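A.B. asks: Residue numbers (the working numbering), protein chains in the order written: chain A, 1 to 88; chain B, 1 to 326; chain C, 1 to 122.
Just so you know, these hints were derived from the structure itself, not from any lab.
Just so you know, not all the hints are guaranteed correct.
Unchecked claim - Estimated spans, in silico, between C-beta atoms of each pair:
1) A:Ser24 <-> B:Phe200: 30 to 36 Å
2) B:Asp191 <-> C:Ile67: 20 to 26 Å
3) C:Leu4 <-> B:Glu282: 49 to 55 Å
4) B:Ile201 <-> A:Leu45: 49 to 55 Å
5) B:Ser283 <-> A:Asp75: 52 to 58 Å
6) C:Leu4 <-> B:Gly277: 30 to 36 Å
Predicted model, so just to flag it, every value in this text is computed and none were measured.
C-beta atoms are modelled at their ideal positions from N, C-alpha and C, and glycine is treated no differently.
Chain residues, written in single-letter form:
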Amino acid sequence: MDIIEMILFLLLIVCAITASLTKSTLSAIVIFGAYSLIMSIIWVLMESPDLAITEAAVGAGVTSILFYATLKKLDQIDMSGETGNGKA
Amino acid sequence: MKKTNGKKLNKRNVKENISSKNGLSKRFESTYRVLSAIMIVLLLGMLVVMILGMPPIGYAQNPDNNEVAARYIESGLKETGAVNIVSGMILDYRAFDTFGESCVLFVATICVTIMLRMDGGANSSKAGEDENPEAVTALKKKEDEDTDYEDGITAIKTRTGRGVSRSRRVEHLKSHTFENVDSSFFEPEHDTILQKCAKFIIPIILVFGVYIVLNGHLSPGGGFSGGAVIGAGFILYLSAFGFEDTERFMNAKVIKWVTFGALLVYCLAKSYSFFTGANHLESGIPLGTPGAILSSGLILILNICVGMVVACTMYSFYALVRRGRI
Amino acid sequence: MLELIHDNINDLVSVLLFVIGFADLLFQKNMIKKIIGLNIMDTAVYLLLASQGYIAGRTAPIVVDGITSTEAYINPIPSGLVLTGIVVSVSVTALMLSMTIRMYKKYHSLDLDYCLLKSREE
């Protein structure tokens with residue numbers, strides 16, 4: 001039981017570090033999704049299933065979707081804004 | 001990656017390697033980094049020292065396993081009728097706190113609406129003016145010198161080359177000014193794979209979400225997680241079938257009334273139990289047999305209200321970020 | 001020393017995550033990475049909080065066939081607190097993201113210092 005927790009904690013820290021060191025924003029968000037998923041598995045091991053479902057549905061699900069939607073919105077601003085006030 | 005030194009930098013790498021261009025003096029940059037590195041090391045040291053002083057994990061005699069936890073566990077089932085003590089605690093002992101929590105979600109939706117709607121999103125023309133006038137006038141100026149405009153378009157096509165649909169959309173842009181680019185500009189393209197899968201998966205997601213909300217007091221889950229699952233189902237529906245289809249059942253009016261109604265029912269339910277609690281009246285709501293669906297007094301109703309608030313909030317977050325209005 | 005670390009592994013990991021997220025906030029230039037850093041700090045604090053309520057050898061606080069003795073279940077209070085915390089941190093993320101969109105719409109850059117300098121010029 002402990003071994004699994006150790007591995008998951010190690011994975012958690014690795015995910016956190018790689019999420020901050022990756023160059024492109026998109027891969028940082030993908031890794032953050034994986035981070036939330038590992039977090040929800042840890043909640044299951046910590047005997048609190050309520051948190052597991054909430055973290056999975058809210059942390060991995062909606063937060064990552066919001067990040068992707070923001071990136072898409074920035075693209076749209078790029079495209080429609082590009083013909084506007086040009087870059088400085 | 002050789003950076004194009006022409007005026008039209010590639011948008012993709014401008015966003016990525018940002019620090020190369022800002023005007024901060026190098027000295028400030030290095031002192032900032034050194035100071036923040038020192039602060040982080042100090043913080044880490046302090047926290048680790050604090051941690052090693054704390055009681056071990058999983059130790060039964062931890063100071064926080066005090067009589068409050070014992071009270072919740074022992075008489076939780078009797079007083080709230082909820083088999084899931086955490087749900088019983090959240091929605092019965094601390095229901096007023098969860099009411100504040102749902103209001104936090106409601107206020108968050110309002111704030112995001114205000115912030116993103118101020119620019120009128122992409123397609124409400126009246127708000128386009130007050131975004132920042134010089135950007136809009138610059139656009140109009142740009143409209144006239146068509147040649148430069150033309151060059152702008154070709155730059156987009158060659159730069160991204162992400163397939164025809166992008167340049168087709170940009171053709172669409174040429175015929176529209178920035179303001180009245182209609183909402184189809186931001187529509188998801190007609191993606192049959194996504195739609196077929198969505199048609200199959202969404203019913204399962206919604207049934208699972210409703211199950212979590214309804215069984216909040218029996219099995220793990222409850223209003224928050226069930227609402228988030230239902231919200232994710234709506235988000236999948238929106239990204240698969242676009243705004244026209246989702247407008248049929250999830251437009252701004254529906255969301256407004258659903259969240260308002262849910263918060264109102266929550267408020268009435270809790271003010272009822274305040275009233276009966278304060279005057280030591282016996283609240284006449286039967287607790288039912290533990291384990292049955294309709295078993296734990298008001299908790300089921302409150303779970304449904306919280307689930308609806310969370311689902312509408314999650315959906316409106318996505319719709320707001322997507323196109324500036326619900 | 002190793003024994004001590006093994007006992008408080010949850011707290012140690014949450015401290016490490018907190019510091020990683022905090023370093024993210026300080027060192028990252030990109031605004032979206034800063035928001036990811038803040039989310040990492042959020043989850044670190046929730047891990048610390050909920051692991052205080054964990055008692056080894058006991059099950060989740062769902063009453064099974066009528067046993068309501070305290071020896072059978074873990075402490076439900078921290079997981080109750082963290083549950084509402086997770087949902088609030090989503091709303092905070094949504095607020096931050098919408099501010100980033102507004103910033104990007106005006107200054108076309110995700111770098112906070114660059115935008116601050118630009119805003120000072122206006």
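A.B. asks: Are the hints correct? Go through all of them and say.
C.D. replies: Against the structure, the hints come out as follows:
The given range of 30 to 36 Å is respected by Ser24 of chain A and Phe200 of chain B, whose C-beta atoms sit roughly 32 Å from each other. A C-beta distance of roughly 51 Å is found between Asp191 of chain B and Ile67 of chain C, which places it outside the suggested range of 20 to 26 Å. Against the hinted window of 49 to 55 Å, the Cβ-Cβ separation of Leu4 of chain C and Glu282 of chain B comes to about 52 Å, which satisfies the hint. Take Ile201 of chain B and Leu45 of chain A: their Cβ atoms lie about 28 Å apart, and the range 49 to 55 Å is violated.
At roughly 54 Å, the beta carbons of Ser283 of chain B and Asp75 of chain A sit within the given window of 52 to 58 Å. Under the hint 30 to 36 Å, the C-beta atoms of Leu4 of chain C and Gly277 of chain B, about 46 Å apart, miss the expected range.
Hints 2, 4 and 6 from the earlier list are contradicted by this structure; the remaining hints agree with it.
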